[in-house]
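Student: Start from chain B and add chain D according to the hints.
There are 2 protein chains.
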Amino acid sequence: MKLSLLVLVVFVIAVGCNQSNVDLKAEEAAIMKTDSTWSAIAKESKDVEKIVSYWSDDAVVLAPGQPAVKGKEALRKFIEDSRQIPGFSITWKSSDVHFSPDGKMAYMSGENLMTMDDSTGKKMTIPGRGYTIWRKEADGNWKCVVDIWNNPPAQ
Amino acid sequence: MKLSLLVLVVFVIAVGCNQSNVDLKAEEAAIMKTDSTWSAIAKESKDVEKIVSYWSDDAVVLAPGQPAVKGKEALRKFIEDSRQIPGFSITWKSSDVHFSPDGKMAYMSGENLMTMDDSTGKKMTIPGRGYTIWRKEADGNWKCVVDIWNNPPAQ
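If you read the sequences in order, they're chains B and D.
Going by our numbering, 848 is the number at position 7 of the first sequence; the sequence numbering is gapless.
Going by our numbering, 945 is the number at position 104 of the second sequence; the sequence numbering is gapless.
Be a bit skeptical, because a hint or two may be false.
Since the list gives no way to pick one copy over another, a pair counts as held whenever it fits inside one copy or between any two copies.
Stated by the list, open to error - Here are the simulated EDC-like cross-link-like pairs (lysine to aspartate or glutamate), alpha carbons at most 20 Å apart as the crow flies:
# : residue 1 : residue 2
1 : LYS984    : ASP943
2 : LYS874    : GLU890
3 : LYS945    : GLU978
4 : LYS984    : ASP937
5 : LYS891    : ASP980
Just so you know, the hints here were simulated from the structure itself, not pulled from any lab data.
Source: prediction; values computed, not measured.
Here chain B stands alone, though its shape is the one from the complex (with noise of 0.2 Å):
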């Protein structure tokens, strides 16, 4: 074997080693996909097991003044209590996506509302804004791995 094709060879694994072979723009195409499909399918607030399948199993949603939610039972009551809620439904749209370098990690901003009716039947509506945290997981599928947000300034 010559020098000329050892040095091609350990040329070519080392260009494979060192770029990180994540494509950050196709990643940003899924998970804003994956957010959208999300938000979607909360806002008609039909499937359970569908909103909830969204979250990792260790995933911790943190809403102003609730207790901390975390882990997938504790999301499917989460969600099965939000639809007691006379009138309730949620809306949000995410946006400014940031990826850890290997494309495995990510976190975007979001603001949501929230609309249920108030005492007297009259429809409430509250906004809120805030940050999702991400996690690409062995399957390859993007999970939220933390979700929180608190209220904006008053209006």
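Tutor: Coordinates of chain D only, in the frame set by chain B:
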């Protein structure tokens, strides 16, 4: 050059390539130390530049009911303003850090206590809980890129 040597070279490079060479235990120690030092410096509330230096240049702070604070200039003003609040002090404690596999991004949960004087001069303490997101910069230092909290359930 013998084939066996080539195989060895390729093997060594491939091993070096596959293992990420990230010591997450060491990163955890580093980031927790950074955070606890930051908390101590913030509690002292003497050196604004030092306090602000723990955030990245593009950091975002979302405090409940406050406008988003984005970037160093706004963060400097945010800290300066907080120092004008009679009796103001803040402390926090973080835990449960999670890293991206490449050890370049992390998030951790935290609990904070803000103290200030109410209108009668009496100390008032406001608890918060939330998340910080961190990025390992090119110089090897961890910087906080997102800082968000909200209010826990009323006691």
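Student: Is it within, between, both or neither when you check LYS984 against ASP937 at 20 Å Cα-Cα?
Tutor: both (17 Å within a copy, 18 Å between copies)
Student: Treating 20 Å as the Cα threshold, decide for LYS874 and GLU890: within, between, both or neither.
Tutor: For LYS874 and GLU890, the Cα distance is within 20 Å only inside one copy (19 Å; across copies 40 Å).
Student: Is it within, between, both, or neither for LYS891 and ASP980, if the alpha carbons may be no more than 20 Å apart?
Tutor: within (17 Å within a copy, 42 Å between copies)
Student: At most 20 Å between C-alpha atoms: does LYS945 with GLU978 qualify within a copy, between copies, both, or neither?
Tutor: both (8 Å within a copy, 17 Å between copies)
Student: How would you label the pair LYS984, ASP943 (within, between, both, or neither) given a Cα cut-off of 20 Å?
Tutor: both (16 Å within a copy, 18 Å between copies)
Hint check: no violations occur; every hint is consistent with the structure.
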